[in-house]
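Student: With the hints as extra help, turn the sequences into a complete structure.
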Amino acid sequence: MRTRTGANARTATDASRGPDPRALVLATFAYVGFVASFPRHAFVALAPLALVAALGVALAPVTGRALGVRLAWAAPFALAVGLGSPWLEPRPVALVGGVVLGAGTLALGVLVLKVLLCVTALTVLGALVPLGPLTEALRGLGLPRVLVGQVALLGRYLELLRHEAERMRRARALRSGGSARALRPRVVGAMAGVLLVRALERGARVHRAMLARGFDGTLPALERSRWRLGDTALLAAVVAGCALVRLAPWTSWLGWSDGGAHG
Amino acid sequence: MAERAGAGADADAPAVRLHEVSFDYPDGTVGLAGVSLEVGREESLAVVGPNGAGKSTLALLLPGLLVPARGSIEVCGLPVGRRTLTEVRRRLGLVLESPDDQLFLGTLLEDVAFGPLNHGASPEEARARALAALDAVGLADAAARFPGHLSSGQKRAAALATVLAMRPEVFVMDEPTANLDPRARRAVLALILRLPGARIVVTHDLEAALDCCARTALFDGGRLVAAGPTAELLADGELLAAHGLDKPHSLLTPEEHAAMHQRRRAH
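Top to bottom, those sequences are chains B and U. Under the numbering used here, the first residue of the first sequence carries the number 17, and numbering increases by one thereafter. Under the numbering used here, the first residue of the second sequence carries the number -2, and numbering increases by one thereafter.
No lab work stands behind these hints, which were simulated from the structure alone. The reader is advised that the hints may include incorrect statements.
Per the computed footprint, the stretches of chain B lying under chain U, defined by three or more beta-carbons under 8 Å from a beta-carbon of chain U, are [what the hints assert, rightly or not]:
#, stretch
1, 136 to 150
2, 212 to 225
Computed spacing ranges between beta-carbons, pair by pair [claimed, not checked]:
#, chain 1, residue 1, chain 2, residue 2, range
3, U, A211, B, A181, 26 to 34 Å
4, U, G31, B, R178, 36 to 44 Å
5, U, H240, B, R191, 17 to 25 Å
6, U, A187, B, L163, 24 to 32 Å
7, B, E182, U, L249, 26 to 34 Å
8, U, A10, B, R242, 39 to 47 Å
9, U, P193, B, R200, 50 to 58 Å
10, U, G31, B, G158, 50 to 58 Å
11, B, L138, U, A238, 27 to 35 Å
12, U, V27, B, R191, 28 to 36 Å
13, U, G74, B, G209, 43 to 51 Å
Here are some of the chain B residues that sit facing chain U, going by a computed Cβ distance under 10 Å [to be verified]:
#, residue
14, R81
15, V85
16, E105
17, F231
18, D232
19, T234
Glycine is no exception: its CB is placed at the ideal position from the N, C-alpha and C atoms.
Tutor: Spelled out as structure tokens, the structure:
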């Protein structure tokens, strides 16, 4: 039974029934590559790829909350990178609902959209493929063993960091009495330091537990992946769909501006 | 239990043998100081003592997670060292104090299968072993669940299953009954009693020691202070008090019971 209780909720037998993890990894990387390849003003041309991400969210065991949390983490970084664009590129390029949009504003919109689409795609991948099969797939695709091991441990470490941060946030909330003093830079800075130490110590304990059970640097997969015709079809469909959106001048056919996407 | 005849192992050797083992932490804290101890192949040993006695240090030294500064450790006749670590860790299963540290994969089935897979079991065999271990601890229905969402009692049982699936000859459990309600505690103790092979139970729960271990070793300040039959050692109130421990309620004499109730009434 598949439940929708969060990104980590998936059945142990999913891997044997679902697509080969390598196909999902390749499809995700292809999607991310196509999203990244759009020019910085091609908002309209990029928008249809959101449908692919939406389809992935609909099919994967991802809750709106789990996705929202990840997007909320990523969005500020995208905004921070592109926040100056509206001032650097003020020339008007589009009229939307009576509002004149500058090139920089459009570029900011494209940047945020790209980040949101990529984060959504990676969240869907994380929900469909558990860490073990994911690392096995990366290894199967030829990534160096050491690099794959680092990815696996990084994934686990980020989860520990999140867990420890949640415990500290709770402890602070219980004793803050709603006071803004609990959010002073000095307090937040100290908490960040303690968080790092706690996460490192906990990471060391988890690593010990892994070593005690024979961990040798690679995360073994319980399922043996098998590439089937359906995996080829899935990969081909994603690549073809993205290529069509990216390369075909469909915006011109509709008489819309493509922001240089097909030029 | 299959696959027991590992290279270099001595079938007649005790499950665990420590000879003059010492360990100091980097900050100078004494972990263990000159500890010698043997645990038989079918023996159950409780390791008790106050906080900082060296109990958990002992548990980490046995599978080679810490390296002693002096002395030697053998597991099933294998000297614990870099070259024997894989075999030692296959033969000795350690259940850590916090199940949250022990469970780290996306589903319980994956987590329990992690050990057997690392030790060379095929995915099919690892799955079968994991399911059998989960069944043994009463978690067969939770195989597909995310370990982080289990109750405390279920996490304890799951942590035990991760080691059970490896079919070790020696089980080392650090505080297996900590933070459990009475029912979950009883369930974990019943599980421990059913484990095959040698059992080393590191615990503050002296009643648990009485229930599941024939012999007890008392540690304090990194030293082995006393060892003997559990009922005998834990009945020695003076010895326990000298090392910061209280005599288990079930071993109190009528006079000690009366004195305890008098103290409570005085409060």
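Student: Compare the structure with each hint and give your call.
Tutor: These are the hints, each one checked on the structure:
With 3 residues bearing a CB less than 8 Å from a CB of chain U, the stretch 136 to 150 of chain B meets the requirement of three and the coverage assertion stands. Residues of the stretch 212 to 225 of chain B lying with their CB closer than 8 Å to a CB of chain U number 5, which satisfies the three-residue condition for coverage. The hinted window of 26 to 34 Å between A211 of chain U and A181 of chain B is violated, with their beta carbons roughly 45 Å apart. Distance hint check: the CB atoms of G31 of chain U and R178 of chain B are about 43 Å apart, consistent with the given range 36 to 44 Å.
About 35 Å separates the C-beta atoms of H240 of chain U and R191 of chain B, a value inconsistent with the hinted range of 17 to 25 Å. For the hinted restraint 24 to 32 Å between A187 of chain U and L163 of chain B, the CB-CB distance of approximately 45 Å leaves it violated. Evaluation of the 26 to 34 Å hint for E182 of chain B and L249 of chain U yields a failure: the beta carbon distance comes to about 43 Å. Roughly 44 Å separates the CB atoms of A10 of chain U and R242 of chain B, a value that falls within the hinted 39 to 47 Å.
Our hint of 50 to 58 Å for P193 of chain U and R200 of chain B holds, since their Cβ atoms are close to 56 Å apart. Between G31 of chain U and G158 of chain B, the C-beta spacing of about 52 Å keeps the proposed range 50 to 58 Å intact. Range check, L138 of chain B to A238 of chain U: Cβ separation about 58 Å, and the 27 to 35 Å hint is violated. The hinted window of 28 to 36 Å between V27 of chain U and R191 of chain B holds, with their beta carbons roughly 35 Å apart.
The given range of 43 to 51 Å is respected by G74 of chain U and G209 of chain B, whose C-beta atoms sit roughly 46 Å from each other. This hint is violated: R81 of chain B has a C-beta 15 Å from the nearest C-beta of chain U, more than the 10 Å allowed. The beta carbon of V85 of chain B comes no nearer than 15 Å to any beta carbon in chain U, farther than 10 Å, and the hint placing it at the interface is violated. Taking 10 Å as the C-beta contact cut-off toward chain U, the hint placing E105 of chain B at the interface is violated, the least distance being around 44 Å.
Annotation: F231 of chain B was flagged as interfacial toward chain U, and the flag holds, the nearest CB pair being 6 Å apart, inside 10 Å. Checking D232 of chain B against chain U: minimum C-beta separation of about 7 Å stays under 10 Å; hint holds. Using the Cβ-Cβ criterion of 10 Å, the hint placing T234 of chain B at the interface with chain U is satisfied: the shortest such distance is roughly 9 Å.
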